[in-house]
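Asker: Here is what each chain is made of, one letter per residue.
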Amino acid sequence: MVTRRHAHIHVVSESHHEPLVPNAVMGMLIFVVTEAMLFGGLISAFNIVRAGALEWPPPGQPRLPFETTAINTVALLASGVLLYIASRRYPKDPDSAKLPLLAAMLLGLFFVAFQGYEWATMLSQGLTLLSSTHGSFFYLIVGIHGLHALAALAVLVSAWHRIQRGWMAQSRLAAAEVFWYFVVGVWPVLWLVVYR
Amino acid sequence: MLLLPSLADACMVCTGGNTEASQWAFIWTTAFMSVLPPLMIGGLVWWIRRLARQRAEQDARAEAVLDPTP
Numbered sequence: 003m004v005t006r007r008h009a010h011i012h013v014v015s016e017s018h019h020e021p022l023v024p025n026a027v028m029g030m031l032i033f034v035v036t037e038a039m040l041f042g043g044l045i046s047a048f049n050i051v052r053a054g055a056l057e058w059p060p061p062g063q064p065r066l067p068f069e070t071t072a073i074n075t076v077a078l079l080a081s082g083v084l085l086y087i088a089s090r091r092y093p094k095d096p097d098s099a100k101l102p103l104l105a106a107m108l109l110g111l112f113f114v115a116f117q118g119y120e121w122a123t124m125l126s127q128g129l130t131l132l133s134s135t136h137g138s139f140f141y142l143i144v145g146i147h148g149l150h151a152l153a154a155l156a157v158l159v160s161a162w163h164r165i166q167r168g169w170m171a172q173s174r175l176a177a178a179e180v181f182w183y184f185v186v187g188v189w190p191v192l193w194l195v196v197y198r
Numbered sequence: 101m102l103l104l105p106s107l108a109d110a111c112m113v114c115t116g117g118n119t120e121a122s123q124w125a126f127i128w129t130t131a132f133m134s135v136l137p138p139l140m141i142g143g144l145v146w147w148i149r150r151l152a153r154q155r156a157e158q159d160a161r162a163e164a165v166l167d168p169t170p
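Chains as they are written, first to last, in this note's numbering: chain A, 3 to 198; chain B, 101 to 170.
In short, the hints are calculated from the structure, not lab data. Incorrect hints may have been included.
Away from chain A, derived, C-beta distances all over 12 Å, residues of chain B [what the hints assert, rightly or not]: (1) 104; (2) 105; (3) 108; (4) 123; (5) 141; (6) 144.
Derived contacts from chain A toward chain B, CB cut-off under 8 Å, selection only [claimed, not checked]: (7) 24; (8) 39; (9) 44; (10) 46; (11) 51; (12) 53.
From the three backbone atoms N, C-alpha and C, an ideal C-beta is built for every residue, glycine too.
Here chain A stands alone, though its shape is the one from the complex (with noise of 0.2 Å):
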């Protein structure tokens, strides 16, 4: 038998005392949600200001390179991939999931410095912050991501530091994976409308 409690969303089976979702993972996910709606409104905006320019980029600034973000992207698609690996080893067989924790985590430093390092070189070719609407939004928006992106890596690094030292509940390895899927879901995205 299923019951509600109060005002409170907390759907409890008789004989199970555990929550249907755990509190880790909605609290994550209720998280997720309104990051959602921000790079959702920084998206809008960005299009909108874009539709209203008579060309684009504006003159004298540098294309954003589409094509070799397409690097950055594979990485970033395969590091959640290896993510989802880890987290079906992980309740069967801890120990198997090391590996490929540890190369998601790999490929999603390998993301965030290659951003840094397209950054460099977008800076190098004059495109700034204050350059024009179309630096302003590309560090905007690239930037919150690449936030997202090095809090995600955290919460693996903390994730990989208990599986090795045999602490890890399978609901915050869930949570962690809520967070990356989020930050690899969104980047796709971003890629294709703000890169494009």
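Go by the hints and put chain B onto chain A.
Answerer: Coordinates of chain B only, in the frame set by chain A:
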């Protein structure tokens, strides 16, 4: 805005939107931002309800195993 009123020049509603492309951009992005919250929250609710149903089925099966008498 009181301290830096010139920032209002950045408002696309006030200073832009006079081309067809701008108008369509406003329409599509408004639709996108309107649909996004119910889509996400609705998806979350659907998923939780599905988990609740699966657990109810598991409980029913467990009870049937423990007490097989009709």
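Asker: A separate judgement is required for each hint: does it hold in the structure or not?
Answerer: A quick look at each hint next to the structure:
no.	hint	in the structure
1	104	holds (15 Å)
2	105	holds (19 Å)
3	108	holds (15 Å)
4	123	violated (8 Å)
5	141	violated (7 Å)
6	144	violated (6 Å)
7	24	violated (11 Å)
8	39	holds (7 Å)
9	44	violated (11 Å)
10	46	holds (4 Å)
11	51	holds (6 Å)
12	53	holds (3 Å)
Of the hints listed earlier, those the structure fails to meet are numbers 4, 5, 6, 7, 9, in rising order.
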